[in-house]
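So the sequences go chain by chain: A, B and C.
In terms of our numbering, the numbers along the first sequence are unbroken and rise by one, the last being 251.
In terms of our numbering, the numbers along the second sequence are unbroken and rise by one, the last being 356.
In terms of our numbering, the numbers along the third sequence are unbroken and rise by one, the last being 621.
Treat each hint with caution, since some may be false.
What the hints assert, rightly or not - Calculated cross-link-like contacts (lysine-lysine; reagent style BS3-like; alpha-carbon spacing at most 30 Å):
hint	chain 1	residue 1	chain 2	residue 2
1	C	K486	C	K610
2	C	K538	B	K264
3	B	K184	C	K521
Derived by calculation from the structure, the hints in this document are not laboratory data.
Being a predicted model, the structure only gives us computed values, none of them experimental.
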Amino acid sequence: MLHIDNLHVSVADKPIIKGLTLDLPAGEVHAIMGPNGAGKSTLSYTLAGRAGYEVTGGAATLDGEDLLAMDPAARAARGVFLSFQYPLEIPGVPALTFVRTALNAQRKARGEAEIGAPEFLKRARATAAALKMDFEMLRRGLNVGFSGGEKKRMEIFQMALLEPRLLILDETDSGLDIDALRIVSEGVNALRSEGRSMLVITHYQRLLDYIRPDRVHVLAAGRIVASGGPELALELEREGYDKYASAA
Amino acid sequence: MTGLRDALLSRDETRLPGRRDEDWRWTDLRGTLRPLPAVSDAVQPLAAFDEPEGVQVRRFAAPVTAGTFDASLSVAAGETLWLLDRVDAGAGAYARDLALDITLGEGATLHRLVLAADSADAVSVTRAMVSLAPGATFHQTVLATGGKRQRIETAVAHPGAGARARLDGAYLLADGRHSDQTTILDHQGPGGTSEQLIRGVAADQARGVFQGRITVAVGADGTDARLKHNALLLSDRAEIDAKPELEIYADDVACAHGNTVGTLDAEVLFYAMSRGIPEVEARLMLVEAFVGEIVERIGPAPLQDAARAFVADQLEALRR
Amino acid sequence: MAADQDTVETVAALAGEKYAHGFVTDIEQEFSERGLNTDVIRFISAKKDEPQWLLDWRLAAYERWLALDEPDWARVHYPKIDYQDLYYYAAPKQKDGPQSLDDVDPELLATYAKLGIPLKEQAFLAGVQGSPRYAVDAVFDSVSVVTTFKAELAKAGVIFCPLSEAVRDYPELVRQYLGSVVPVSDNYFACLNSAVFSEGSFVYVPPGVRCPMELSTYFRINALNTGQFERTLIIADKGSYVSYLEGCTAPMRDENQLHAAVVELVALDDAEIKYSTVQNWYPGDAEGKGGIYNFVTKRADCRGVRSKVSWTQVETGSAITWKYPSCILRGEGSSGEFYSIAITNGRQQADTGTKMIHLGANTRSRIIAKGISAGHSSSTYRGLVSVHPKATGARNFTQCDSLLIGKTCAAHTVPYVEARNAHAQLEHEATTTRLSEEQLFYVMSRGLSQEEAVQLLVNGFVREVLQELPMEFAVEAQKLVAVSLEGSVG
Numbered sequence: 004m005l006h007i008d009n010l011h012v013s014v015a016d017k018p019i020i021k022g023l024t025l026d027l028p029a030g031e032v033h034a035i036m037g038p039n040g041a042g043k044s045t046l047s048y049t050l051a052g053r054a055g056y057e058v059t060g061g062a063a064t065l066d067g068e069d070l071l072a073m074d075p076a077a078r079a080a081r082g083v084f085l086s087f088q089y090p091l092e093i094p095g096v097p098a099l100t101f102v103r104t105a106l107n108a109q110r111k112a113r114g115e116a117e118i119g120a121p122e123f124l125k126r127a128r129a130t131a132a133a134l135k136m137d138f139e140m141l142r143r144g145l146n147v148g149f150s151g152g153e154k155k156r157m158e159i160f161q162m163a164l165l166e167p168r169l170l171i172l173d174e175t176d177s178g179l180d181i182d183a184l185r186i187v188s189e190g191v192n193a194l195r196s197e198g199r200s201m202l203v204i205t206h207y208q209r210l211l212d213y214i215r216p217d218r219v220h221v222l223a224a225g226r227i228v229a230s231g232g233p234e235l236a237l238e239l240e241r242e243g244y245d246k247y248a249s250a251a
Numbered sequence: 037m038t039g040l041r042d043a044l045l046s047r048d049e050t051r052l053p054g055r056r057d058e059d060w061r062w063t064d065l066r067g068t069l070r071p072l073p074a075v076s077d078a079v080q081p082l083a084a085f086d087e088p089e090g091v092q093v094r095r096f097a098a099p100v101t102a103g104t105f106d107a108s109l110s111v112a113a114g115e116t117l118w119l120l121d122r123v124d125a126g127a128g129a130y131a132r133d134l135a136l137d138i139t140l141g142e143g144a145t146l147h148r149l150v151l152a153a154d155s156a157d158a159v160s161v162t163r164a165m166v167s168l169a170p171g172a173t174f175h176q177t178v179l180a181t182g183g184k185r186q187r188i189e190t191a192v193a194h195p196g197a198g199a200r201a202r203l204d205g206a207y208l209l210a211d212g213r214h215s216d217q218t219t220i221l222d223h224q225g226p227g228g229t230s231e232q233l234i235r236g237v238a239a240d241q242a243r244g245v246f247q248g249r250i251t252v253a254v255g256a257d258g259t260d261a262r263l264k265h266n267a268l269l270l271s272d273r274a275e276i277d278a279k280p281e282l283e284i285y286a287d288d289v290a291c292a293h294g295n296t297v298g299t300l301d302a303e304v305l306f307y308a309m310s311r312g313i314p315e316v317e318a319r320l321m322l323v324e325a326f327v328g329e330i331v332e333r334i335g336p337a338p339l340q341d342a343a344r345a346f347v348a349d350q351l352e353a354l355r356r
Numbered sequence: 132m133a134a135d136q137d138t139v140e141t142v143a144a145l146a147g148e149k150y151a152h153g154f155v156t157d158i159e160q161e162f163s164e165r166g167l168n169t170d171v172i173r174f175i176s177a178k179k180d181e182p183q184w185l186l187d188w189r190l191a192a193y194e195r196w197l198a199l200d201e202p203d204w205a206r207v208h209y210p211k212i213d214y215q216d217l218y219y220y221a222a223p224k225q226k227d228g229p230q231s232l233d234d235v236d237p238e239l240l241a242t243y244a245k246l247g248i249p250l251k252e253q254a255f256l257a258g259v260q261g262s263p264r265y266a267v268d269a270v271f272d273s274v275s276v277v278t279t280f281k282a283e284l285a286k287a288g289v290i291f292c293p294l295s296e297a298v299r300d301y302p303e304l305v306r307q308y309l310g311s312v313v314p315v316s317d318n319y320f321a322c323l324n325s326a327v328f329s330e331g332s333f334v335y336v337p338p339g340v341r342c343p344m345e346l347s348t349y350f351r352i353n354a355l356n357t358g359q360f361e362r363t364l365i366i367a368d369k370g371s372y373v374s375y376l377e378g379c380t381a382p383m384r385d386e387n388q389l390h391a392a393v394v395e396l397v398a399l400d401d402a403e404i405k406y407s408t409v410q411n412w413y414p415g416d417a418e419g420k421g422g423i424y425n426f427v428t429k430r431a432d433c434r435g436v437r438s439k440v441s442w443t444q445v446e447t448g449s450a451i452t453w454k455y456p457s458c459i460l461r462g463e464g465s466s467g468e469f470y471s472i473a474i475t476n477g478r479q480q481a482d483t484g485t486k487m488i489h490l491g492a493n494t495r496s497r498i499i500a501k502g503i504s505a506g507h508s509s510s511t512y513r514g515l516v517s518v519h520p521k522a523t524g525a526r527n528f529t530q531c532d533s534l535l536i537g538k539t540c541a542a543h544t545v546p547y548v549e550a551r552n553a554h555a556q557l558e559h560e561a562t563t564t565r566l567s568e569e570q571l572f573y574v575m576s577r578g579l580s581q582e583e584a585v586q587l588l589v590n591g592f593v594r595e596v597l598q599e600l601p602m603e604f605a606v607e608a609q610k611l612v613a614v615s616l617e618g619s620v621g
């Protein structure tokens, strides 16, 4: 599904990603682990198309389509979803309005019919209930006054309603207590399916106890320096990133 | 009498206010009316307009070339009135000076919504002089879409004595339009409160102007006066000019004003786009939310609905 | 209730009477003829032994001035000035320019000693170990009396001398920069100054040099009916740094005296200029009789990339202050700062603030202005923040706070904002409050007298600005703040 080939990315003229290659087949969950400064967030922002992340070489395709040539909205319409490490607040735009606007914009871009308000509300209620979210909160400005945990839950809520095909989870566990982590992980696991792939970006192994990856990659100094099965995450937890720092 | 009226009636172009006049520095009328058109009583026909229920509506139509209008209104003691003043345009070029007197009796309440929809070639000045009795409540919201020169001025004589004034406003400007919202809040006696929130958006080559003067007279102790103006520039060719002023002659007061000018937050824009909302839609959504706060502060539902519809129409003009 | 009524009355009654620098120096002086005409300008120019180009420059300025109107937009009121009733030049009589302190009239030395201005270099050296040193240019009416530490500064390549000396010794530098920041006909008072300026300081800091000590000029108006029209020019060449302080006092006189100065600063690439003012001109008495009219044009041109100019002013004196130290942020990434304390008491009127003109990309400015009004005085902050179309990424933050003590004073805030770039962020906040009774009570309940309590709170109010002054002057300024509002004892 996602194919990244020898990707180079600079931020403010400083090379951060330096030749990253990665294959994420449909239906698989891959974890990307690495020390601070390895380029984890740069990778997720680049895939989502944030301005200021300049691709200086290589390619990234989604089902053969050039991802890097699209603007962020077009990528989303193709099924890319980035769960932000620090979700933003949008005063004056209720969460429900926001998600419905996004959903219908995506559908329109794909040539699908818009979803009417009653049908959307029905889905939103069910999703909120599954994520144990207060529905009234969804009528307030998006993320305004939300706690860190509530914001992360709001990301999963959006993800569940937008039904993306490629999920990029950027440090989704940061700032979550153990109960919130369980609820959020359950939300993510509920979305695992044959046609959907996930890139789970994390510093700690903890999240991977809840979201079991098929493969684990170690990102250091802008490159994948090691890949393996889930056992690699446990090894990293025991031994740290030191040996990869030198490998990079 | 403003310079515009003077000039219109005397047909003397040199009497128009211009950028050398301190209070008109950003709303230069000089040169916009050369030669001065003759004052005419005929007005341009208006498009149909659904009048909201429970609301007194006044429509001030556009003169064919140039005109001056006066109107007064008073709300009796203890009464409540919902008022919609629609400053309407047909089309084409015209000059107008509209002077409105509004008086609120003791304990009276007035919710006033001004919808200023001048034509792109209009030179239009609307002045309201509002006088409050003790205990009166005056809530005003001005929504403006600009003209060649558009000025909406509200002067409130505030007696203190438990009276409350709230002057809100928003301007949404596209193309080469200009709009000036000027407020003068004159706290003349002790124990008054006032609050102002003005939001503005200027796109293309538009120019938004806000001037807000709060004066607190000698002896007007216990005055609490606050004013905020926030503006967004959506284009490098647009301009925002602002002058929030405090003129204080009493010591036991709490007065504050704040002013910000900026643009849409790039990070928020990216967040919205990463959810699949195209850039134009995302911008409009954020602009709508920015101005929406003004609309939501309007108390009476029919006025709020009318305001929301007006804003929605104008957002379409910003879609590009 | 704000400050106790007694406090307010005592503060008001004390206006002017506590002015410590109000004495007159009895010294023989030489004057130009009274009034202003081309002969007077030729007289001043001849006295200074000026080259023809400068005389022509003055005469051209005079021509322009005749065509200008006195500005009336400031919130200050004063009777019409009779410009023909003033003396435009006054100087202590002495044969030639003093070569050393020994040549200076002892009466003058006594004056500066009384004002606490150190003119003897050894006085510093003999002082407490590690005590800060600073170089002084002492200007008495229309001439510079002495400039200290010149030799030591010269070693570092720094030029610090009276402007008239610079015209003689460094004519190319003066000619290149004089009037390049404040054009001759910029405004009425600046234009007048260009015609009749008589003295001021000149500073040039060469590329890469960090000026080894604080520079300061001390201005003293002494003569009766005499205007002071000094002109200061500071040039910080690439990568240099200089900190400059200006102090001012005048005798107590019943007549108003005019002070119309021009200060021009030029900062080239990566240069930084820190300009501090402690203005304590005679403010007039409690009834508003006498005092200095302080109509000053100060402007910095941040011409170079990443250049920086910081204005700090403590304005406690003058009957009328009309002054807007400004920054033209031309160089990409340049920055300007304005920190101000303006205190008015008695019948003083101050209309002061700044202009930050953002021309270049990524320019920054910061304005912190604190106004305190007492007695029957009036204090206005007037400021302009302007962002031009090319100033992408410009940022401004402005904070203006006014404090009122008593019911007969006034405080005004008039900020102008003009934004013409969609990638700029401008933020302005302003408050007007009284001295809080609750805070006063709280502080007094901890054992402070009312006067101490008021001083403590006022010092807290202005602290942010005082911190910006060079340390040795911050203490002085803090005392001045206290004296200006003295009488806070109930």
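Each hint tested on the structure:
1. C:K486 x C:K610: Holds, at about 28 Å.
2. C:K538 x B:K264: holds, 26 Å
3. B:K184 x C:K521: holds, 25 Å
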